[in-house]
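Asker: Using the hints, put the two standalone chains together into the complex.
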Amino acid sequence: MPLEAGMRSLGQAMLNALAVLLIALMLCVVLQVACSFFDINPLISFGQSVMFLGKGITLNSLLDLQWHLFALICLVPSGAVLIRDGHVRVDFIYAQLRPGTRRGIDGAGHVIFALPFFVMSLPAAWDFAMRAYRSGEGSRNGGLDDLWLIKLVLPFGLGLLALAILWEAGRLIRGQRAS
Amino acid sequence: MSEFALPLAMAALTMLGIISGYRVALVLAGTAALFILVSDLPVAFFKLIISRIYANVLSNWLFVAIPMFIFMGLILEKSGVAERSLKGAQRALGGSPAGMGISVLVVGLLLAASSGVVGASVVLLALLALPRMQEAGFDTPTSAGLIAASGTMAILVPPSVMLIVLGDQLQTSVPAMFAGAIGPGLLLVALYGAYVLWRARKLPRQAAAQDGRGGIAALLVDVAPLLVLIICVLGSIIGGLATPTEASGLGAFGAVIVTLIYRRFSIAMLMDAARDTVTTTSMVALVIIGATCFAAVFRGVGGDEMIQSGLGQFGTSPWVVMGVIMASIFLLGFFLDWLEITLILIPIFAPVIAALDFGNGLVGEDLMIWFGILVAVNLQTSFLTPPFGFALFYVRGAVGDRVSTGQIYRGVLPFIGLQLLAMGLLMALPAIVIGF
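From first to last, the protein sequence lines stand for chains A and B.
Residues 35 to 213 in the numbering used here are what the first sequence lists, from first letter to last.
Residues 348 to 783 in the numbering used here are what the second sequence lists, from first letter to last.
Same shape as in the complex, but just chain B (with noise of 0.2 Å):
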């Protein structure tokens, strides 16, 4: 074990720092800093990092798309134009209370697709739903759960930016990563509907909600601009007729002209959104200068070799390979965020499952596609489960004291769940991620 010294010792340092509660980002870089001069490494290796730092996150023009998703999402959001499409859709589905399950979501999907983060959409829907999903009869775990699990698919169906930044260090194109994500949404939205319907089965059924129902015509107003812009920007980037820093600024305009269209927009807005945009993505770069750091120096002092044997001890068969791997993402989605691991770990877990024969046919991009899609459904179950699932604290955020948080922890186990049974379907037929 004393070859591993220094890496063991390097992951205890930044668990300890970050349970500590001290800055991620600071504490993967200090670690980086600290283990070079305790390490055999030479000061100058630091140089190495500035110029990789430059050139794989600075300069990378694939992560231009990146803030231009957030701004795309957070013009939605800001305008009133998410709010509106929601109460156009609960007003269009929501007379019985099925159809008040199934229209949380559809606009869940809806705001997952406007978006690529999921604190927004998650705060949005809770906010927005929470009060119609509890008049409509369903129990509070049941709501507060299709809320958070609705709100998390921001993190996987495109144009999330999990899918921009797994793509890159996958060396997959992220075009193709996000046509793998679409039937792996679709599944997950089925499972869900159905779990929903389910539970609605013995509920009674309202009286036709007396705001004026007013039908399909009233939905279209309310939400076709919103999903012909979806449509055309995934649609120009899976289609190949843009790049996705190409559709991500043309959809982050699209998004202001659809604010023009519902009289919604002004500077105030535009600037308010601007500015909490500067701020969340200046928040995932350090996160990402950090974990550059950190990998370089992880895999200075040997912390590669570390796992990659810690993973020989499992044998060679490739299914239990693939289980341990993604049972030890699972765990350290408990306490580290989706960037950490998809930078620092997967790395070092692409290439072993580069190498493996899954017996499916599945070899070079498509392989890597697959198990990209797999980690993704794998991380965004992570931001559902307790205790310290990211979506939960975003739903007592937002409902405060209407819900408790142990009724949030027992409406989430089912759809963990049908999270757990999505990913066990995904393994078993790979043509729901290549098929599209």
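Isolated chain A (complex conformation) (with noise of 0.2 Å):
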């Protein structure tokens, strides 16, 4: 059917984007160790402040950059890696159900843990980021700015999770099997 596979290539676009980040995270480790052997502080100096960089690229830019990177290569995949199914699951009893059953676990499952989950982690997390955006937070050791961007990373991924497991439920409700 077409969603199914419109969302499955949605996933495999954002994981191979994802891949892209991560080896740009590596190139970053490397570039910062090897700034910091040669001594090469700042990188770029900028004459005024400039959007997300601040007034230069300096170590700690690339430091900055490398968790940045990094929270988004744990958060945002998240939804993604939930539709193939790749979440850890306990299953030496599960792997045993009938299709049916297993079908009865996830959909309870998603009523008793995971909506009580998003119900309070989504708001929580949608203020924090907010929280950081009124108040202009940047960074507190001449990184980067616009702390609030990242912070939007934690309602934006969990947000993500939040749909795959609608997308899941409906699946379960029409009676497939979760893949």
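These are calculated hints, taken from the structure and not from any lab test.
Among the hints, erroneous ones may be present.
[As the list claims (entries may be wrong)] Derived contacts from chain A toward chain B, CB cut-off under 8 Å, selection only:
no., residue
1, MET60
2, GLN100
3, MET154
For each residue, glycine too, the CB sits at the ideal point set by N, CA and C.
Answerer: Structure, rendered in structure tokens:
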């Protein structure tokens, strides 16, 4: 069915983009080590403050960029991984069950565990990012500016995960086996 | 008991959810959310949890090393470099049954030191080494047991992802944890090696392998770049030249260079390894997030007091308390992954251990490192223990019908015995951990 194929290729495209970010993370670490070895700091200075970067690219910008990329890699793929049924299960019983029973477990799990979690975490995560946005929070050590942008990863990543669970719940209701 | 009704109910619901087979991370996070509603914790408690996830997980620069070490291992595996080293070692050492067994052990150690995750190394060893060990005359259970046990060393031998998370929770430095794991890792290799030699003593010596034994020079070509990479990464961390994060990034980059040297590099391979790394990192991250939620609420409803008062029932003798803690980690290891145990229970156990005097002169960080390594060997053992040990599933999954589940179970039993022997030695002789 087209919707399902669309979801899967969207997930695949997202994983590819994040794979590129992972390679960028590796190169960022290498660049940072090289620059601190040769004592190059700052790498680039701007005359005035530039959006997101602040007044120049320093070693601390590279250090900040590393955990920003890490935060993206941790949270953004969560939904795509769920669609591929990647998240860890302890399946020594689950694997022996009939498909109908497994659907029952997944459906009950969505209601008992996922629903309360997202009801509580999504508003809290959104508040958390918005508070940083209103106060214009930046790096405390001359790294990257606009910290709210990376804090927005929390509600964004959790939101994608919630959407993936809604999608799976829809499939469960229609009676298809979770892939 | 009624004062502990909430934490008990919380633990029970979590166990039920996990064993039912629903996603572990969501069971942990959902239980946390439910028990905020049930208990008298304010709803705003979740804001605290969110800022803790941000501060302790997402902006934890140390954890950047986790995807980088996974990436390094996957590059070496997917490019075929790891396989090449394994075959090289087999050619060089595999002339006799004992040599074949030892070569599996050596390569298991190399794989362990080049990746931080168990799955890949067990599968690779099982695919490549099981047929050769059987040809060399080893019985199937012993072969499967050796492969599972060597493969699980990835979780103990630095740069293990588990040691990074354990060090973070115990507030010990990661280089010190890595250094502390080297002695125990070598001890396990020595014990496994002695067992393999003993099993091999009656096996007939095979005619030297036909496919041209190239001797030391060929072995160096096959193994040296990998060895140099591992030594550089671990050496720079333990020697204090680089932080774990810096060394991990350079290690992944070094792995790319090794694939270039062997002419095994391709963009498709690199992207494949990167995609799998992203998936694995996201899985690990979600479990860490779920466990962070769970741990905060569990403490909020008095779970840490429950566990401490439970430990108090066993008196105040340090070794009894240590024994109870180790036994409970071992038993919980049947159901929970190392990650949940490390994130939820270790912060509760650590202050208990820190307040004890074991009469071996260990205090402060040394005591925590010794405890951490004991926990690590313990959790590594739980990977091997039937019926739910992960390594056993990986062996079964990799070799399919050639080995029965019963044979794998029988095969790992002697190795579990060796693990327990090693734990006893590490408890009696902390110098193995702290001496390096």
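Asker: The structure should be examined with respect to each hint, and the outcome stated for every one.
Answerer: Outcome of the hint check:
Nearest Cβ of chain B to the Cβ of A/MET60: about 5 Å, under the 8 Å cut. The hint holds. At a threshold of 8 Å, the smallest CB-CB gap from A/GLN100 to chain B is about 5 Å, leaving the interface hint in force. Interface restraint check for A/MET154: the shortest CB-CB distance to chain B comes to about 5 Å, inside 8 Å, so the restraint holds.
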